[in-house]
Structure formats: structure tokens, C-alpha cells
Amino acid sequence: MISGTMLARLASPRTGGLLGLAAVIALLPLALTNTYFYDIAVLVGLNAIVCIGLNLLIGYAGQISLGHAGFFGLGAYGSAILASRYGWPPLAAMLATTVAVAALAFVVGRPILRLKGHYLAMATLGLGIIIYMVIATEDKYTGGPDGIAVVPFSIGGFVLQGERVWYWVVGALLLLAAWLALNLIESPAGRALRALHSSEVGAEVVGINAAEHKLMVFVISAVFACVAGSLGAHYSGFITPGKAAFLHSIELVTMVVFGGMASTFGAVVGAAVLTTLPQLLAAFEDYEMMVFGAVMMGTMIFLPRGVVPSLARLLATRRDATADGEGNGV
Amino acid sequence: MSLLRVDRLGKKFGGVNAVDDLSFEIRPGAVYSIIGPNGAGKTTLLNMLTGVYQPSAGRIVFGEHDLTGCAPYEYARHGIARTFQNLQVFFNMSALENVMVGRYMQERCGLVSALLRSRRLARAEHACREEAAELMRYVGLQNYLYASADAMPYGALKRLEIARALATRPKLMLLDEPAAGLNPTEALELDDLIGRLTGRGVTVVLVEHNMRLVMGVSDHILVLDYGRKLAEGPALTVRNDPKVIEAYLGSAVSHDGTFGETIADAVAVAVEMHR
Ligand SMILES: Nc1ncnc2c1ncn2[C@@H]1O[C@H](COP(=O)(O)OP(=O)(O)OP(=O)(O)O)[C@@H](O)[C@H]1O
Ligand SMILES: [Mg+2]
Numbered sequence: 001m002i003s004g005t006m007l008a009r010l011a012s013p014r015t016g017g018l019l020g021l022a023a024v025i026a027l028l029p030l031a032l033t034n035t036y037f038y039d040i041a042v043l044v045g046l047n048a049i050v051c052i053g054l055n056l057l058i059g060y061a062g063q064i065s066l067g068h069a070g071f072f073g074l075g076a077y078g079s080a081i082l083a084s085r086y087g088w089p090p091l092a093a094m095l096a097t098t099v100a101v102a103a104l105a106f107v108v109g110r111p112i113l114r115l116k117g118h119y120l121a122m123a124t125l126g127l128g129i130i131i132y133m134v135i136a137t138e139d140k141y142t143g144g145p146d147g148i149a150v151v152p153f154s155i156g157g158f159v160l161q162g163e164r165v166w167y168w169v170v171g172a173l174l175l176l177a178a179w180l181a182l183n184l185i186e187s188p189a190g191r192a193l194r195a196l197h198s199s200e201v202g203a204e205v206v207g208i209n210a211a212e213h214k215l216m217v218f219v220i221s222a223v224f225a226c227v228a229g230s231l232g233a234h235y236s237g238f239i240t241p242g243k244a245a246f247l248h249s250i251e252l253v254t255m256v257v258f259g260g261m262a263s264t265f266g267a268v269v270g271a272a273v274l275t276t277l278p279q280l281l282a283a284f285e286d287y288e289m290m291v292f293g294a295v296m297m298g299t300m301i302f303l304p305r306g307v308v309p310s311l312a313r314l315l316a317t318r319r320d321a322t323a324d325g326e327g328n329g330v
Numbered sequence: 331m332s333l334l335r336v337d338r339l340g341k342k343f344g345g346v347n348a349v350d351d352l353s354f355e356i357r358p359g360a361v362y363s364i365i366g367p368n369g370a371g372k373t374t375l376l377n378m379l380t381g382v383y384q385p386s387a388g389r390i391v392f393g394e395h396d397l398t399g400c401a402p403y404e405y406a407r408h409g410i411a412r413t414f415q416n417l418q419v420f421f422n423m424s425a426l427e428n429v430m431v432g433r434y435m436q437e438r439c440g441l442v443s444a445l446l447r448s449r450r451l452a453r454a455e456h457a458c459r460e461e462a463a464e465l466m467r468y469v470g471l472q473n474y475l476y477a478s479a480d481a482m483p484y485g486a487l488k489r490l491e492i493a494r495a496l497a498t499r500p501k502l503m504l505l506d507e508p509a510a511g512l513n514p515t516e517a518l519e520l521d522d523l524i525g526r527l528t529g530r531g532v533t534v535v536l537v538e539h540n541m542r543l544v545m546g547v548s549d550h551i552l553v554l555d556y557g558r559k560l561a562e563g564p565a566l567t568v569r570n571d572p573k574v575i576e577a578y579l580g581s582a583v584s585h586d587g588t589f590g591e592t593i594a595d596a597v598a599v600a601v602e603m604h605r
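If you're matching them up, the sequences are chains A and B in order.
So that you can map any letter, position 128 of the first sequence is 128 in the numbering used here, and since no number is skipped, the others follow by simple counting.
In the numbering used here, each number is its position in the second sequence, counted from 1, plus 330.
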């Protein structure tokens, strides 16, 4: 017999949501009728991984970053340079890059995260710009504005190639990222993050070192962005500094806010919608950013909680209403 | 042996001495009340005793540890917990999670085991939830076990902060005006709750304007005025201190012979007499 607790567990965001996400990833290929669609799906997956990490920082811990494309770019260029120029095995290049980016985020995050609100936004913006400038100007290593070609990802002689293969790899990693994030959120550390978001002094007086937790989540979010950047570079085979640019940072934040702050699946939905939308609007290419701007403004005005939390709330009140109705009927 | 020793403590805000050359000791196991008019420096004192403000002068010694200059989380880790006059509830969480946050110090674990949700952590989380629920019942919040914090009334939120503070398993608990904003019934229940806290071995520092509550539960009273000590001693002595009783408490006895609910006006008289 299926017990109530088991049902409750299935309905919980962690288990139920992960199963739902797995189902979507498994069934989506039925709708992906050509490689172009697969390509979009891979891009969605990579952005979703970044957004899940960024949402831990912005949505849960309440700390803004306008520079996360910088970490994405460092991941991409780290992999590109080590694997393509120096011939490192791609996995080793990716791991080394990730460790370096984590260390950078740790060192830079310490002073930056003391800042709050606008000041933090400015500082992270500055960080992103510096990273972009370094990538764009150090053309000896990075190829400068012209970009750089990246070798395909290979592990032990097996080469990851083709949109379909990448789809499953990125899908699996997206699931992993969501699982890790959900675990973190429901751990003492995750509660500490949510607590300091609401009241830093309230969190501190129960023994939470707020600065340490902000730094931890900053590093985690940087690592998520970096790994996605590495994978994206190998996947597309060619990268330009645009991936590290301010505009990309803004896109990422927009995805998080649109999907819903403090909602892991919201981050996925945000990434999905705002990655797909510009492709559908490809005809208006020049106006792509205007669409982003409009979506951002519209979300803030009509759905300040973001799409997924707003829908969840709507469903919950519906359900309560039906439950009440039944109760009254009996 | 005192639990807390405050030595010539001072806090300046610009030119204002919010707390000025203040020394006192708190013995374990008692209810130590701090009273005084608005702006006397009571909250400023509690903020220093929890590391929220750094003193401009003086020392704070807790047990054998000099905690002067420590961060708030270090005060917490030594066993000092508090509630706030202006609520610092985590409104983005459920009531139960608020209390679970209070269990942070006992429950915290490595990042890897949090990310991977180790079995040990899953079990600890379960126990944490149970214990938080137990504490909510203990402070009388059994009706809010499934409530979200932003849907709770003010009086319940004040108790929620007490439950959260208790969850840290403190040696010393600082309550900043726990009765403010409560209706008379809720205020009466506080007497009982504070009594049970000391029964648990928690030493209580009570900052309160409600004289009925203060006189009912205190072992020891410190009277502050303009950041300075106006009087201090066992509750009975302070009550009988000529300086205090005549001017201060004397006038707080209303015409029907009971203590008034607030001391604000009484204190004004007391302060006049003192000058
Ligand atoms: N952060 C601050 N910055 C500047 N001045 C402050 C600050 N906090 C408190 N003060 C000042 O210090 C003095 C003492 O304030 P405090 O809040 O400690 O009084 P209190 O005894 O708690 O009063 P109440 O009974 O109204 O809560 C007041 O003059 C207040 O204006
Ligand atoms: Mg006060």
C-alpha cells in the first residue's frame, strides 16, 4: 500500500519536481523533430544550469550578481584554451578551470559580498566587465573579439558529438544540478541562506555566519556557471567574448527573475522560455534585447514573484478552495 | 560565579551616550530585568550583548570568555540567544522552518553532505523538524505548526522568536519587550512561559515596560536612565529603594492599588526626582 507519507514525498518539490523534470527531459525528444530544435534544447539546458546556480544566490540568498556571464565566459575560455591550445584532455581542462574559477569567486567574493543592494550590483557588474575586458583583449590566448575554436568534448576516446548526444548529456547534468540545488535548499545551510535573505541579524543571532554563507553560495553559483560555460564551448565548437559580456549577465538574471526567484524549477522555466523566445523571434533579430527588456518589465509589474511561484500560488489557492467546497458539501 | 559580566560598557552614537559606563553582573538561573524609559539604552545594551553593536568602551565577559568585539554568531555559539523588539522573523519561511533555523548550530554540516543530502543529514533533518515542532508547542504555538510566518498574528510571531531562540539551546536568553503589543491574556501567559524557561536552566534577561510582568517574574532588576544605572538590586530591594519606590514605582500603583501596565509616566516622575 502506498502510504500517505510516500505520496507526500512524491508531491514534494524535491522528489516530485525532479521526477517531473526527468519526465520532461525524457519525453521532449518526441517533440524535437529536427536538429535545430535539439540545438535550442541544449542551449536551454545549459542556461538552465547557470540559472539554477544563480537562483541560489539571487532568489534564495537575496544577493544580486550582474556579472555571472563572466564566470560562464571564464569556464568557456578556460576549457577552450587548455583543451584546444594546450591539448589538455577536455575533462581535465574543465576540472582545472572550475577549480580556478571557484578560487577566483572565493577571493573576489569575500570583499564584494560585504556590499549590499545597489553597491553589490555595481561591484558584480564591475567584476563581469573586467573579466570580459580581459577575455576580449588578451587575444594571444583568447583570440580576442574574433573568438576561438574549441575541440569537441571527448572522454577516453569517446567523442561527444551531435545535438542528440549533447541533449542527453546536458539533460542529465541539468537534472543533477537541480537535485544538488534542491538538496542544498533543504539543508541547514540552505535554510541559513533563506534566513539571511529575510533578516541578516536574525540569522546571525542564532549562530549563522552570514558572510561565510553568502560566500559559499556565490562560489557555488560561479561553479555552476563555469561548468555550463565549459560544456557550451565544447558543444558549439567556437566561442566569442560575447558569452562573457554584460548583456549575457542581464539575460541570465532576467531568466531567474522571470521564472521565479527562490524557485529552482522556476529558474529552469525562465531559462527555457527566454532562450526559446528569441529563437522564435529570430525575424526581429535586432529587437531581441527589447523583447528581454519588455519581458523583464512585464514580469516585475504583473508577476513580481515570477511565473512558477505565481502559478504555484494560484494552484494552491484553487486547491484550498475546492477542499473548502468539499468540506462544506459534506 | 557570574554568568555574564558587563564592565564599564559604553556606546556612543555621534554625540549621544546611549549606554554610558555601565557595569553589572548576572548570576545563572535568575530572571534579570532591565527597565527604564524609552530611549534609556535597553535595546542598545542587548545589541551589544549579542554582538549586533560593538561597544565604544568596556568589556563583556560571558562565563570565562571575553566576548568583546565578537560577531553576533559567535555570541550565539557561546550560548546567548535573543528576541527582538522589532521582530526579526524570517517571513519567507514557514513558522516551523523559522524554529528549525534556530537549530542551525547543532545541525550544520559540511557542504558536500548538504549538496548530496547524506543519509545522516536526512535523519538529522527529520529529528530537527520534530524538535522544532516540540518547541512550538512548548511556547504555545501548536496551532501554527503548518502556518507560514507571514500569515501569523503579531502575538504569535513574538512567541515564534522565543521558540527560535530556545532552539539554539542557550544558556542566556535576552527578551526585548516580549509583552509589547500583546493583549492582556497573552501577556499573562508570558509569566508562565518565562517561569518555565528558568525551569529549563535558561537564565533570562527581560527588557520590559509591563511592570506587572516585571514585578511578577524578576529576581533582580536594573533600572536604566539615559544609558546609566539609576538603581540595581534584588527585585524586592529595587521596589523598596526609596529613590525608586517613591518616585518610580509608587506612582505606577494605580488608584485601585495594582501596578500600571506601563511605566512610561512613572519613569518620567522618577527621572525628575532623580535630578
Ligand atoms: N543605531 C542607532 N543610531 C543612532 N542612535 C541610536 C541607534 N540605536 C539607538 N540609538 C539611540 O540610543 C538611545 C537609546 O536607544 P534604545 O533603542 O537603546 O532605547 P530603549 O531603552 O531600547 O528604548 P525603548 O524602550 O523605546 O525601546 C536613543 O537615544 C536612540 O535614539
Ligand atoms: Mg528598546
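In short, the hints are calculated from the structure, not lab data.
Mixed in with the good hints there might be a few duds.
Stated by the list, open to error - Partial list, computed: chain A residues near chain B (C-beta under 10 Å):
hint, residue
1, R114
2, L115
3, V151
4, S154
5, G156
6, H197
7, S198
8, E200
9, V201
10, I208
11, A211
12, E212
Claimed, not checked - What the simulated footprint calls covered on chain B by chain A, stretch by stretch (three residues with Cβ under 8 Å from a Cβ of chain A suffice, anywhere in the stretch; the number is not a length):
hint, segment
13, 447-456
14, 526-537
Virtual Cβ for every residue (Gly too), placed ideally from N, Cα, C.
Hints, verified against the model:
A cut of 10 Å between beta carbons decides the hint on R114(A): the least distance to chain B is about 13 Å, and the hint is violated. Hint status for L115(A) relative to chain B: violated, with the closest Cβ pair at about 18 Å, above 10 Å. The closest approach between the C-beta of V151(A) and any C-beta of chain B is roughly 30 Å, which is over the 10 Å cut-off, so the hint fails. With its C-beta approaching chain B no nearer than about 27 Å, S154(A) sits outside the 10 Å limit, and its interface hint is violated.
Interface restraint check: G156(A) against chain B, minimum CB-CB distance 25 Å, threshold 10 Å, status violated. Residue-level restraint check for H197(A) holds (minimum Cβ-Cβ distance to chain B is 6 Å; threshold 10 Å). The criterion of a C-beta within 10 Å of any C-beta in chain B is met by S198(A), whose closest approach is roughly 4 Å, and the hint holds. Interface hint status for E200(A): upheld, as the beta-carbon distance to the closest one in chain B is roughly 9 Å, under 10 Å.
The interface hint given for V201(A) holds, since its Cβ lies 6 Å from the closest Cβ of chain B, which is under the 10 Å cut-off. Because the closest C-beta pair between I208(A) and chain B is about 6 Å apart, less than 10 Å, the hint holds. Taking 10 Å as the C-beta cut-off, the interface hint given for A211(A) holds, the closest approach to chain B being about 9 Å. A hinted interface residue such as E212(A) counts as satisfied when its beta carbon comes closer than 10 Å to some beta carbon of chain B; here the least separation is about 9 Å, so the hint holds.
Counting residues of the segment 447-456 of chain B whose CB lies closer than 8 Å to any CB of chain A gives 3, so the stated coverage by that chain holds, three being the minimum. For the segment 526-537 of chain B, the stated coverage by chain A is not satisfied: 0 residues place a CB nearer than 8 Å to a CB of that chain, which falls below the threshold of 3.
Going through the hint list in order, the structure does not satisfy hints 1, 2, 3, 4, 5 and 14.
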